[in-house]
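My request is simple: use the sequences and hints to build the entire structure.
Same order as they appear, the protein sequences are chains A and B.
By our numbering, the letter at position 308 of the first sequence is numbered 308, and the numbering carries on one by one without gaps.
By our numbering, the letter at position 284 of the second sequence is numbered 284, and the numbering carries on one by one without gaps.
Hints were generated in silico from the structure; no laboratory data involved.
Below, a list of computed lysine to aspartate or glutamate pairs in the EDC-like style, where the Cα atoms sit at most 20 Å apart:
1. B/LYS309 - B/GLU247
2. B/LYS126 - A/GLU49
3. A/LYS140 - B/ASP20
4. A/LYS138 - B/ASP20
5. B/LYS223 - A/GLU8
6. A/LYS60 - A/GLU95
7. A/LYS38 - A/ASP20
8. B/LYS138 - A/GLU22
9. A/LYS126 - B/GLU49
10. B/LYS289 - B/GLU270
11. A/LYS60 - A/GLU8
12. A/LYS38 - B/ASP20
13. B/LYS289 - B/GLU277
14. B/LYS38 - A/GLU22
15. B/LYS60 - B/ASP99
16. A/LYS126 - A/ASP99
17. A/LYS140 - B/GLU36
18. A/LYS38 - B/GLU36
19. A/LYS138 - B/GLU36
20. B/LYS38 - A/GLU36
21. B/LYS60 - B/GLU8
22. A/LYS38 - A/GLU22
23. B/LYS303 - B/GLU247
24. B/LYS60 - B/GLU49
25. B/LYS138 - A/ASP20
26. B/LYS38 - A/ASP20
27. A/LYS309 - A/GLU249
Each chain, letter by letter, is given below.
2 protein chains.
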Amino acid sequence: MKEFNVIERFFAERGQARRDVELSVGDDCALVNPAEHKSIAISCDTLVENVHFLADMPAKALGYKSVAVNLSDLAAMGAEPAWMTLAITLPNIDEAWLDAFSQGLNDAAEYYGVALVGGDTTRGPKSITITINGQVPKGKALTRSGANNGDWIYVTGTLGDSALGLAILRGEQTLSGDAAQYLIQRHYYPTPRVLAGQSLRNLASSAIDLSDGLVSDIGHILKHSNVGATVDVDQLPLSAAMRESVEYEQALSYALTGGEDYELLFTVPESQRGALETSLAHAGVSFAKIGQISTGNKLRLMKEGATFKPINFSFEHFTS
Amino acid sequence: MKEFNVIERFFAERGQARRDVELSVGDDCALVNPAEHKSIAISCDTLVENVHFLADMPAKALGYKSVAVNLSDLAAMGAEPAWMTLAITLPNIDEAWLDAFSQGLNDAAEYYGVALVGGDTTRGPKSITITINGQVPKGKALTRSGANNGDWIYVTGTLGDSALGLAILRGEQTLSGDAAQYLIQRHYYPTPRVLAGQSLRNLASSAIDLSDGLVSDIGHILKHSNVGATVDVDQLPLSAAMRESVEYEQALSYALTGGEDYELLFTVPESQRGALETSLAHAGVSFAKIGQISTGNKLRLMKEGATFKPINFSFEHFTS
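Okay, structure coming up:
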């Protein structure tokens, strides 16, 4: 099978269509027609086997997650997903694997309305690079640099589930049953907060998606916005599965440093707090207020009025 | 060194800036502002060591060529280069190698006015994926599907030089001196025909860039346009270096099947022939009329009125 045909047959022909795609896979370039008065948000992520995903990860989950992690970047900017390209490197053409992978990828693409418009297939150790384009009204994108002293800090969803799911898959936690299955699914099928991101556009002062863990990622907001933050760890949202599976201190550690949550962390000025909470409730997304932006450039983790130190303090995927 | 810092330090900070880039590397996404009334052309190419480039290819040439092959896709659509992302996989962080690679990449980006706006660095066998965006006035993009019976077939530049240069590098041709150096440079530093592509917009009926060899690539135009073609091989443009280095029949074989020329092949109706030749001459690009579109779906290679059969009939990079 020729390289070209893999993209066409498994992805483009089965994938989501969009009316603004004038020409899809099959020419030297794709042609798309952006909406007027919008900026284009562009993000690019590579997932490498044994670095970003386990070799035995189900193909369908990998296809889904490859799109989801890119969508999460668009969500953090408040952008609507539009178009993407897929560069996939495979050791061999395994049609059953490609069938399942493309099903997961196309499921995510269809659900979030993103069209695959180009790609390239090459032979080598398994890796996936997706470059995604979204659209956002000019001047309305959320960035990491707008947080101000006094703004409230929020996160969507629950934290740490993906990291605990990974620990189960790696045999570092011996858990089974429904809770374990839930946590593994959270690792395999993260939910990019695309609608939540869009609903934050006129309300949040800054936003970021949680890919490396809260402690690491909030650091980017502090640095880019030149502010500090206090987080009350007792306010961190934890799933029932997390709570029933590990001790509370361990759960807090996963929530603070676990990584791969793909939830949004964002800051909101006091004046927008009511509107924000109404808007997110309408979007059907759970959220929690976990702290407040301060002056200085430090992150302070607090628990019952005292400084809190989590068990682990770094997360670099699972290479370390 | 963190993955993120490689893109920022070696590429974004040193790279070409553009006024339509609102936010570059350093947030969840880049933000760019497309021009009004234009379509966006998107292309994605992966280059893998020992598949698409030799392991001892100079880093600077590899950086340049990685951009050039993507620019060539934009050229074939008549698009102006705008923004790109770079996903680079490296076995280790070699600063000297990255210095040279980024110099070549940034040279090409600067010359053709394309801004690097995002990327990702991962560890593994060396490979480079670039996704490039260009802009083209709505409805004016060149495609593979517009060729009509009677249209003239043209190519830019000279053909086969890159393939002969590669043969020299691989020791399959024992040549030396200025001609050999010229041919090797043509392999390392192809010239994407970006301005020529734009000047073809209202004149050519179809276009494609020559990456896999003329015989293979013209086939895409015949298929998408549902036409045939006759090419007079004596009209194929050959460089002086090619002519003096190998026998004429061998030269024709390189020109027809060699691959990696990154020249444009395009078709022009008789009514636009004069305007086309004036326009390309103004753009300072050499070009040659090599044949004519016909009915049927076959490519006929002719030499002095008889069918011509080249020595080799396939080109699949250098894996085979």
